[in-house]
Amino acid sequence: MAGRAPASSSSSSAAPEFGIEGEEEFLYGAGSGWVEPRASCDHLASLSPDPLHIPIPDTPCSRCDHPDENWLCLCCKEVLCSRFVNKHMLHHYQQTNHCLALSFSDLSVWCFACDAYLDAEVISQLRPVHETAYILKFGEPPPFRAMEMRSTEESP
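FYI, the numbering for the sequence shown is 1 to 156, going by full-length UniProt numbering.
Do not rely on the hints blindly, as some may be mistaken.
[Claimed, not checked] Okay, the calculated beta carbon distance ranges per label pair: (1) Leu52 - Val122: 25 to 35 Å; (2) Asn86 - Asp106: 24 to 34 Å; (3) Phe84 - Ala113: 29 to 39 Å.
[Stated by the list, open to error] Calculated lysine-lysine pairs in the DSBU-like style (CA-CA distance at most 30 Å, straight line): (4) Lys137 - Lys77; (5) Lys87 - Lys137; (6) Lys87 - Lys77.
Treat the hints as calculated values from the structure; they're not laboratory data.
Just so it is clear, CB atoms sit at the ideal spot from N, CA and C, and this is done for glycine as well.
Let's have the full structure, built from the sequences with the hints guiding it.
What follows is the structure in structure tokens.
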């Protein structure tokens with residue numbers, strides 16, 4: 001072992017060391033990909049007046065027939081593909097200013113005008129369409145996180 005250099009303590013493969021605050025920043029900070037959905041949006045007036053009658057989640061894009069990564073326009077109910085496919089939902093927003101969309105992949109709601117995800121379980125105007133999409137996708141009602149939060153807040 002003579003002639004061998006001692007091991008360096010600063011290896012690039014070593015796990016980073018964090019304090020509690022640093023650990024939370026690593027897990028939930030901007031670099032983690034974690035996104036906190038908004039609990040309000042100024043564009044909800046553009047929602048379709050009938051949020052319960054929507055296409056089924058495996059509906060293909062109305063422009064290119066692509067079967068995956070599709071979004072439902074919550075203003076006119078057209079189903080269009082994501083920016084990861086042919087960007088038809090993005091083009092739809094740019095052409096019509098219909099800014100609210102629900103992803104059939106993960107049932108998230110996006111507002112193009114706010115450039116943000118919206119919390120469909122907390123925003124009461126979004127809850128009916130989110131619940132309907134959930135039932136169509138999974139065959140059962142969603143768990144009610146928002147209801148649980150409200151009942152805890154109301155308890156003395």
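Status of each hint after checking the structure:
no. : hint                       : in the structure
1   : Leu52 - Val122: 25 to 35 Å : 19 Å, violated
2   : Asn86 - Asp106: 24 to 34 Å : 19 Å, violated
3   : Phe84 - Ala113: 29 to 39 Å : 21 Å, violated
4   : Lys137 - Lys77             : 16 Å, holds
5   : Lys87 - Lys137             : 23 Å, holds
6   : Lys87 - Lys77              : 16 Å, holds
Hint violations for this structure: numbers 1, 2 and 3, all remaining hints satisfied.
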